[in-house]
Amino acid sequence: MSDREDNYSCGMTSAPTPKVRAALDAIPLYKPGLPPPHREGVETYKLSSNENPYPPLPGVLEVASEAAASMNRYPDMGVSALTAALSRRLDVPAEHLAVASGSVAALYYLLQAVVEPGDEVVYAWRSFEAYPIATGVTGGTSMQIPLATGARHDLDAMADAITVRTRAVLVCTPNNPTGPIVTDEELSTFIKQVPSNVLVVIDEAYREFVRDRRMPDGVALYRDSPNVCVLRTFSKAYGLAGFRVGYLVAPEPIATAARKCSLPFGVSQVAQDAAIASLEAEAELLARVDDLVAERTRVGAGLAASGWEIPDAQGNFVWLALGDATLEFAAACAQVGLMVRPFAGDGVRVTIGEPAANDAFLQVASEWRATRS
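Heads up, the sequence shown is in our numbering, so the first residue is 1 and it goes up one at a time.
Honestly, the hints are just simulated from the structure, not real lab data. The C-beta atom is built at its ideal place from N, Cα and C for all residues, glycine as well. A hint or two may mislead.
Between beta-carbon pairs, the in silico distance windows are [stated by the list, open to error]: (1) Arg-372 to Ser-70: 38 to 46 Å; (2) Ser-87 to Gly-41: 49 to 57 Å; (3) Ser-87 to Glu-40: 18 to 26 Å; (4) Gly-150 to Glu-95: 26 to 34 Å; (5) Arg-213 to Ser-70: 37 to 45 Å; (6) Ser-49 to Arg-213: 27 to 35 Å; (7) Gln-363 to Thr-149: 28 to 36 Å; (8) Gln-363 to Ala-257: 47 to 55 Å; (9) Gly-41 to Arg-165: 55 to 63 Å; (10) Thr-297 to Glu-43: 21 to 29 Å; (11) Glu-43 to Ala-344: 34 to 42 Å; (12) Thr-297 to Pro-32: 42 to 50 Å.
Taking the hints into account, I'd like the entire structure generated from these sequences.
This is the structure in structure tokens:
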């Protein structure tokens, strides 16, 4: 009997099983923000996923509903109409764009295009939870650089961490989950320090919420530097989180490589059409963003009045650096129907929601602080 026949003979108690890549052993599963559990008689709020709390604009909803009527057909694989709309809006060539099912998918495709096993990807930590996952699935190595004072990027340390094996540097501004931006001057200086063969990826998922006049414009930086790529999304300010549509802007060879790595028909037609409608309704959508920014300011002031010190919040969330008390605070929030996003051992990110949700959060935060002063 051959070895092959012996392996699969009747009565065998331990047959060989398919193997998965060893690189996956060190990769964590992405942890989404959880919805609050139902509690009888308690109003619950989800402040764990940085979602826009406002419902879709009527015009956008109508366009999406019309597109859904053709769900028996494949979507436009080239995302041609949305790409053309973005090309006009941003004044960039269509060939420099790659649309994906969210900016996180664009990041995955981008790193698949430029990172090989053993290559390095540099980024601040703590930052977006998907960065180590997107790096790890390529076989690349994460170089996590601790945040500096104020929960800000330590760009000097990030520049020093670049080696001959570095293929990409990720800069999240404003930083998720801590909130501060990297200023235009800081980022421009940093890009000049990065070797021209290393890709600088500027993640601007929350740029519409920024009110700091020193904020950079990633697209302007991409125009000036052939190794700069920008990630943006319709999930946050535009309120299309459930449809999953984002994009990258990059020099043509990089954008083309990312499109080669993309999932065929990965962006639904509903998402494509809703994104176009959202661009056309941008003024009304951004007025809602102004309301959220006003709530963010109110929440920040309320926390300060209770004795909290938080980093400069420029996204649609605030960060509480709670360290070992993180899970305890998250549990206290859950007790009153608030689901926040804990990062064990580091802190809690709390999305700015509707006013009633923010009021409930401020109450919990105030009571928590009072018992520990």
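Checked against the structure, which of the hints given earlier come out wrong? Hints 1, 3, 4, 11 and 12 contradicted; others consistent.
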